[in-house]
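Each chain, letter by letter, is given below.
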Amino acid sequence: MTWTWFHRLGSPPHAYALAARLTPWFAWTAAALIVAGLYGGLVLAPPDYQQGDDFRIIYVHAPSAWMSLMVYTTMAVSAAVGLIWRMKVAHAVAASCAAIGASFTFAALVTGSLWGERMWGTYWVWDPRLTFELILLFQYMGYMGLRSAFDDVQRADRASAVLAVVGVVNVPIIHYSVIWWNSLHQAPSVMQLGRPTMPAAMLIPLLMMFLGFTLLFLALLLVRMRAEILDRERTATWIREAVTS
Amino acid sequence: MVARDIRLAFRKRGQLVQPLAFFAIVTTLFPLGISPELSRLRDVAPGVLWVSALLASVLALELLFRDDAQDGTLEQQALSGQSLTWLLFAKTVAHWLLTGLPLSLMAPLAALSLGAPIVSLGGIVISVALGSVALSLIGSIAAALTLGVKRSGALLSLLTLPLSMPVLIFGARATELAMTGAAFGPPLYLLGALAVLGVTLAPLAAAAAVRINLE
Amino acid sequence: MNVFLEMGGYAAYVWPSYGLTLGIIILNVVWARRLLARSRAEARRRLATRGEPR
Numbered sequence: 001m002t003w004t005w006f007h008r009l010g011s012p013p014h015a016y017a018l019a020a021r022l023t024p025w026f027a028w029t030a031a032a033l034i035v036a037g038l039y040g041g042l043v044l045a046p047p048d049y050q051q052g053d054d055f056r057i058i059y060v061h062a063p064s065a066w067m068s069l070m071v072y073t074t075m076a077v078s079a080a081v082g083l084i085w086r087m088k089v090a091h092a093v094a095a096s097c098a099a100i101g102a103s104f105t106f107a108a109l110v111t112g113s114l115w116g117e118r119m120w121g122t123y124w125v126w127d128p129r130l131t132f133e134l135i136l137l138f139q140y141m142g143y144m145g146l147r148s149a150f151d152d153v154q155r156a157d158r159a160s161a162v163l164a165v166v167g168v169v170n171v172p173i174i175h176y177s178v179i180w181w182n183s184l185h186q187a188p189s190v191m192q193l194g195r196p197t198m199p200a201a202m203l204i205p206l207l208m209m210f211l212g213f214t215l216l217f218l219a220l221l222l223v224r225m226r227a228e229i230l231d232r233e234r235t236a237t238w239i240r241e242a243v244t245s
Numbered sequence: 246m247v248a249r250d251i252r253l254a255f256r257k258r259g260q261l262v263q264p265l266a267f268f269a270i271v272t273t274l275f276p277l278g279i280s281p282e283l284s285r286l287r288d289v290a291p292g293v294l295w296v297s298a299l300l301a302s303v304l305a306l307e308l309l310f311r312d313d314a315q316d317g318t319l320e321q322q323a324l325s326g327q328s329l330t331w332l333l334f335a336k337t338v339a340h341w342l343l344t345g346l347p348l349s350l351m352a353p354l355a356a357l358s359l360g361a362p363i364v365s366l367g368g369i370v371i372s373v374a375l376g377s378v379a380l381s382l383i384g385s386i387a388a389a390l391t392l393g394v395k396r397s398g399a400l401l402s403l404l405t406l407p408l409s410m411p412v413l414i415f416g417a418r419a420t421e422l423a424m425t426g427a428a429f430g431p432p433l434y435l436l437g438a439l440a441v442l443g444v445t446l447a448p449l450a451a452a453a454a455v456r457i458n459l460e
Numbered sequence: 461m462n463v464f465l466e467m468g469g470y471a472a473y474v475w476p477s478y479g480l481t482l483g484i485i486i487l488n489v490v491w492a493r494r495l496l497a498r499s500r501a502e503a504r505r506r507l508a509t510r511g512e513p514r
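Chains A, B and C supply the protein sequences, listed in that same order. Residue 151 in my numbering sits at position 151 of the first sequence; the count goes up by one each step and never skips. The number in my numbering is simply the position in the second sequence, starting from 1, with 245 added. The number in my numbering is simply the position in the third sequence, starting from 1, with 460 added.
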């Protein structure tokens, strides 16, 4: 296995062209999955015997929470790649993740709060998972704040990369918090290996939403990444053809 | 190296007192804002103590690398061929001796003013001492990242506080247990673990950040 | 239809949740596309003022 594909990805014109080609596929598939998942979750799935229709919030809450963690991990990994291999494209990817991740962290917190109000009787509780998810939102904001504090893009890239990598420790903490501590938040019921505890009619729309959100993230990432690459490459010769098509 | 930093810092004694004065003032604000009754204050004392300590140590972070970075000595030291990681570790140790340690010695006074029983004061000193070690280390990363940033106070807080929250949680818990006379070992061990983790990882991250800012 | 909208009495929680999340999705899509459009326009402008690349 050669590493040429890796280095080709790291070359801005190749990354740009690949992103442009892949984005429509990700975007439209994501749209289809999300629409289907919404229909399945809102209409087709039966009401929960305990929570009634309130449980349907899971179809937006769980994917949002998944996004908040997945996006941060992507940000941290690409930041590390950028630091280690000094790859501009990797830094562009990391930069593109932040706003997406922050907005879905916010969505996860608010939808979770609305769900919790009925389930637990309160809009907020300082239990481990919620608290650390809130901290994750602050981490996203810190990342974006640090980026904007630098005029030099390279320095901004590398400093924020260090921050992203240092902060990634929160992601496993959030994920395992419901297992490690006595948390009010539910233990994982979807990702257990073996028999999932949800009936299929409820589970399938949820999986569609997870997949749809993931593809949506990829589409958004690729679009933003292209913008970042253009801003960083300034007037390199390949840009002329790319932007006048 | 540690001795040098301490000597230099003593020349600007005024700067050193500021975080401690801040700690005292903030701790005083709570009884004014909440209630002067000791019984009520005792309930919130652990949290108040730790939030004040946390804020004071973030304030103190400005002192950490700033002066050396501004007059170029940091750059010289980085280029001198000595390990930057060890250098920053030494600086952070000096910083803790100048800020975290005095803070942990002041903490019992603040705790007393909030209604803490005398027997708990020993535990409070230990927990604040340990916690402030972790805070200095975590803060050193943020301070290194924001070296060149003007007026970095707010950004420094935004970067440090999220990472410091576990310290706050365990420290407040340890203080709470100490105040009720219960065994406060477990949270203290966790604080210690955080401090050890900080000692091993923070200087590396800080060194990477300093290099990024100096090049 | 009414049963659907009422969500078993939880309408005040379910619909805002969906509304917010979909709003955030739409916001992200619009924002990302705008960023790309702006970057492309700026790149075109930079190329125009510089003339032919060397």
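Among the clues, some could well be false.
What the hints assert, rightly or not - Listed next, with one range per pair, are the computed distances between beta-carbon atoms:
no., chain 1, residue 1, chain 2, residue 2, range
1, B, L459, A, V125, 37 to 47 Å
2, A, D231, B, V394, 32 to 42 Å
3, B, P431, C, R493, 26 to 36 Å
4, A, P199, C, L465, 46 to 56 Å
Said to hold, decoys possible - One side only, chain C facing chain A, incomplete, derived with CB under 10 Å:
no., residue
5, A471
6, A472
7, L495
Worth flagging that the hints you see were computed from the coordinates, not collected in a lab. None of the values given here were measured: they were computed from a predicted structure. Glycine included, every Cβ here is placed at the ideal spot set by N, Cα and C.
Hints, one by one, checked against the model:
1. As the Cβ distance of L459 (chain B) to V125 (chain A) is approximately 45 Å, the hint placing it in 37 to 47 Å holds.
2. Checked against the given bound of 32 to 42 Å, the beta carbons of D231 (chain A) and V394 (chain B), roughly 21 Å apart, lie outside it.
3. Range check, P431 (chain B) to R493 (chain C): Cβ separation about 51 Å, and the 26 to 36 Å hint is violated.
4. Evaluation of the 46 to 56 Å hint for P199 (chain A) and L465 (chain C) yields a failure: the beta carbon distance comes to about 24 Å.
5. Of the supplied interface hints, the one on A471 (chain C) holds, with its beta-carbon coming within about 8 Å of a beta-carbon of chain A, less than 10 Å.
6. Given hint, A472 (chain C) at the interface with chain A, holds; its Cβ is 8 Å from that chain's nearest Cβ, closer than 10 Å.
7. With a least beta-carbon distance of about 4 Å to chain A, the hint placing L495 (chain C) at the interface is held under the 10 Å criterion.
Checked against the numbered hints given earlier, this structure breaks hints 2, 3 and 4; the rest are met.
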